[in-house]
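Q: Take the sequence shown: its position 40, counting from 1, is numbered 39 in numbering that gives the first Met the number 0, and each next residue is one higher.
Treat the hints with care, as some may be off.
[As the list claims (entries may be wrong)] If you anchor each label on the Cβ, the simulated ranges turn out as follows: (1) E270 to D298: 40 to 46 Å; (2) E196 to K320: 44 to 50 Å; (3) A181 to K320: 24 to 30 Å; (4) A185 to K320: 25 to 31 Å; (5) R224 to V152: 35 to 41 Å; (6) T302 to E270: 19 to 25 Å; (7) G145 to A181: 36 to 42 Å; (8) K143 to T302: 25 to 31 Å; (9) Q278 to D298: 22 to 28 Å.
If you are wondering where the hints come from, they were derived from the structure by calculation, not from laboratory data. Nothing here was measured: the structure is a model prediction, and the numbers come from that model. Even for Gly, the Cβ is constructed at its ideal location relative to N, Cα and C.
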Amino acid sequence: MPSIETGAGGAQARGRGGGKTPASDARPRGPGRGIWDDAAAVAEEGDRSDGRSANEERVPAPEAAGPARKPPAEAVAEARVRAPTRGNRKLEAFLEAVNADDQVRAWWYMAQVHAERLGMSDHSWVHVQIVLNVSLRLLRLLAKAGVEPAMVVDHGMGQRDAEVVVAAGALFHDVGMSIHRADHEAYSLFLAQGALERLFDGVYKQPVRSIVIAEALHAIIGHRRRGEPYTLEAGVVRVADGLDLAQGRSRLPIEAGQEGIHSISAAAIDEVRISAGEQRPVRVEIEMNNSAGIFQVDDLLATKLRGTPLEGRVEVVAEVKGESEKRLLSGFRLPEDA
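Generate the whole structure from the sequences, applying the supplied hints.
A: Shown next as structure tokens:
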């Protein structure tokens, strides 16, 4: 049963003998997809998911065959994010305001429309909700291990304020995709700035509101490929974005015949679980059906981890389950103009 283990610095493949050798994106269509049962369970029961212990949480993933895209008004109306707030009234008020904001939810809808135009992985509100839940999970596990966020260290505020910053970064990190894929992180900044001003009205007063918004904007820009996040909150959002790995994200490119390393490697990821680590604050376990998933872990996820405040605090273990690997590719031909 081959597996790989990685810190922030890269991955290694490991065979049954124990010796190590170096190891070398659209989900179900549209924002009209129903949310998973797991998300409701997580929101109601804290860390518990699928009968697992309170110390382990599976990263939720939608059904691979989700429904076809719905009309814009209907799709936007269904886009509602959920997460366990654990009595954080500021976070509850913020999420309630976001779920009532048609403009923000329309941006999520348009982000997915552009993703489908480009044959990319899912960038709808489902992806946003996954990043939101994973971000909060990571932040809380780090807090349990005594790792303090910037809102506490730099501003003398609280852990719950850090959760609001992380939630804002997660919910707005891809809204710029509603305009264009190229430089979408920068577009996300100017869309989020105005939206957060009104969404935080009643939650924070000035000048604190501007501080919280600035930290959220830093988390948004920090998720780009060379984003260099300075804060724990920004690093959490960056890594959480990279942990939306499950195979449901790659269904459309594969069905459209767009078979490449990104779509095939994403299809190789069956499940992602996050729990408290033994040697590091966070442990991420990735279950694969094919070793092609190593690309997602070693190239994409490891890149997200490097240079962030989470580096050295997250252990990642990836494993191929079963005695045989799933066949994901029947053949491959270079494009005629290649």
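Q: The structure should be examined with respect to each hint, and the outcome stated for every one.
A: Hint-by-hint comparison with the structure:
no., hint, result
1, E270 to D298: 40 to 46 Å, "20 Å, violated"
2, E196 to K320: 44 to 50 Å, "47 Å, holds"
3, A181 to K320: 24 to 30 Å, "38 Å, violated"
4, A185 to K320: 25 to 31 Å, "40 Å, violated"
5, R224 to V152: 35 to 41 Å, "26 Å, violated"
6, T302 to E270: 19 to 25 Å, "21 Å, holds"
7, G145 to A181: 36 to 42 Å, "40 Å, holds"
8, K143 to T302: 25 to 31 Å, "26 Å, holds"
9, Q278 to D298: 22 to 28 Å, "24 Å, holds"
Checked against the numbered hints given earlier, the structure breaks hints 1, 3, 4, 5 and satisfies all the rest.
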